Amino acid sequence: MKVFKDRNKELEQEINLYLETLKGSALVFQQGLSAFLEDEYEGFENKLGEIINLEKEADGLLRALVQTLYKYNLMPDLSADILELMTALDEISDISKSVLLDLNVEKFQVLEMLKPDFMRVADTSSQTVHHLLGGIRAFFENPTEIDGYIHTVRAFESEVDQMEYVLKQRIFALDILDFGLCDKMHLRDLAHKIASLSDECERIADLLAVLKFKRTI
Amino acid sequence: MDLSGILVISGLFMGWSLGGNDAANIFGTAVGTKMIRFRTAAVLCSIFVILGATFSGAGASKTLESLGNIHSIQMAFIISGAAAGTVTFMSKRGLPVSTSQSIVGGIIGFNIFVGNETNIDILIKIAGTWIVTPLLAALFSATLYWGFRVKLDRSRLNLIQRDKRTRMGLVLVGAFGAYTLGANNIANVVGVFVKTAPFGLNQQALFFIGGVAIAIGVMTYSKRVMLTVGKSVFKLSPVGAFIVVLSSALVLFVFSSEGLNGILSTLNLPQIPLVPVSQSQAVVGAIMGIGFAKGGRNLNYQVLYKIVLGWVLTPTVSIGVTWILLWISSQM
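Chains L and S are the protein sequences, given in the same order. Residue numbering for the first sequence follows our numbering, starting at 2 and increasing by one per position. Residue numbering for the second sequence follows our numbering, starting at 1008 and increasing by one per position.
Keep in mind the hints are simulated off the structure, nothing from the lab. Be a bit skeptical, because a hint or two may be false.
Below, simulated DMTMM-like cross-link-like pairs (lysine to aspartate or glutamate); rule was C-alpha separation at most 25 Å, straight line [claimed, not checked]:
#1 S/K1202 <-> S/E1072
#2 L/K185 <-> L/D118
#3 S/K1171 <-> L/E113
#4 L/K57 <-> L/D124
#5 S/K1041 <-> L/D82
#6 S/K1230 <-> L/D78
#7 S/K1069 <-> S/E1124
#8 S/K1171 <-> L/D78
#9 L/K169 <-> L/E113
#10 S/K1041 <-> L/D78
#11 S/K1158 <-> L/D82
#12 S/K1171 <-> S/E1124
#13 S/K1158 <-> L/E146
#14 S/K1041 <-> L/E11
Because the structure is a prediction, the values reported are computed rather than measured.
Modelling step: build the complete structure from the supplied sequences, incorporating the hints.
Below you can see the structure in the form of structure tokens.
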């Protein structure tokens, strides 16, 4: 019967599903970028379709868990903070989708010599997402582990910043015929978009660092 | 037809006032933070306050009876009315007031007026419990706080599941708190009428009626107070609220349980005086206890000062008001 339904369990399941969806979108982002860089256009198109669906699914799950949280008045002391956290996480799937869509639309011409650098930035950005999601789970399940995840996210984000800087230097140091300033700026933008995923993760990690204090009794 | 029994109305008014104000100490934070709906809290509180008053109110009432020999219902009416008036007067002026301390002042005022000797041993016991109440509550809450903190840090209980268990816990301790409120404070409501039992009522029936008066106070007057307490000065987490309610309920239980005293007696241990104590002061003590356990930051020493002031002011004002009313009544 509906009246005896465990709403707390329902919320727990919705949050878990939401986090899994975000984890999936980060993985698909990584795979999509890899397919693009390796000129596997069919694979890239598949991943693009997948990430669009995942992003839509994440939006739907976010709406559902917010509804559950407020409709049944669960965790009233932390509901506003959880809402802020979950809403911030939505940016991850948005950015992942946005990058792959831009790849499809803007047809970036990534030179062969730069592909490993782009892939490294993408891989490390994805790692940032995985550790952030680990931190979010720790917030709900094991608060003693939150700090570890936050430190890792910040470390990875710094690494991505460094890689992005080096990559930009390499781009603008190129002296190739038919590869002018606008091509370089286009690639610079791509590097920045990929790195923005880790920037967003760090921002959310900073929010998590504050919220962990509200976890105490 | 002897309608003098209607004079018990002053006690019932005291009960209504107690219900309206003290229910907030039990369910205020839970309702104010929306962990429990007001309707649920009010129904639970009412049921358990009546049960506590009816089945466990005798212990604390006996102590009050031994403080003064109130031999007429008219006297009981005046004492109860004076105590209720003192509570209302001081509350309206934002002064610290305890129903328990007010009724004790009323009985002493009666003793002074009729020339009876007040049992000093009993009085010292009663005054001692007033001092012990916030301290004991602080001890309970600090201990419970440390215990819960260690347990929750070590357990891998999901935060969302913790919310569910906290909610259930607040309902259970709220019921326990309401029971002990009824058991401990019914003496303040109708204790002075026990020897002059109106309408031939036995003690338990009298306590039941007093309990109903408290319950009506809870249902009709406590919502606003609950919502105010819930958003009050010290912001407690739901687990913190659970600890505070449990600690204050344990204190009231200790000072009203004949069963516990029976066990102590069997074990040849000292008896605990069964005395009506201030639930509000127990709650303040419990909140302070958590404050100390957290390192003593953000403690409001002004509140402590007000409690100490109340120990002196409340019974003093009540003695004065009772004596004056008895004197006026004797001139009529």
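Next on the checklist: Tell me the numbers of any earlier hints that the structure contravenes, in ascending order.
Outcome noted: Of the numbered hints, 3 and 12 do not hold.
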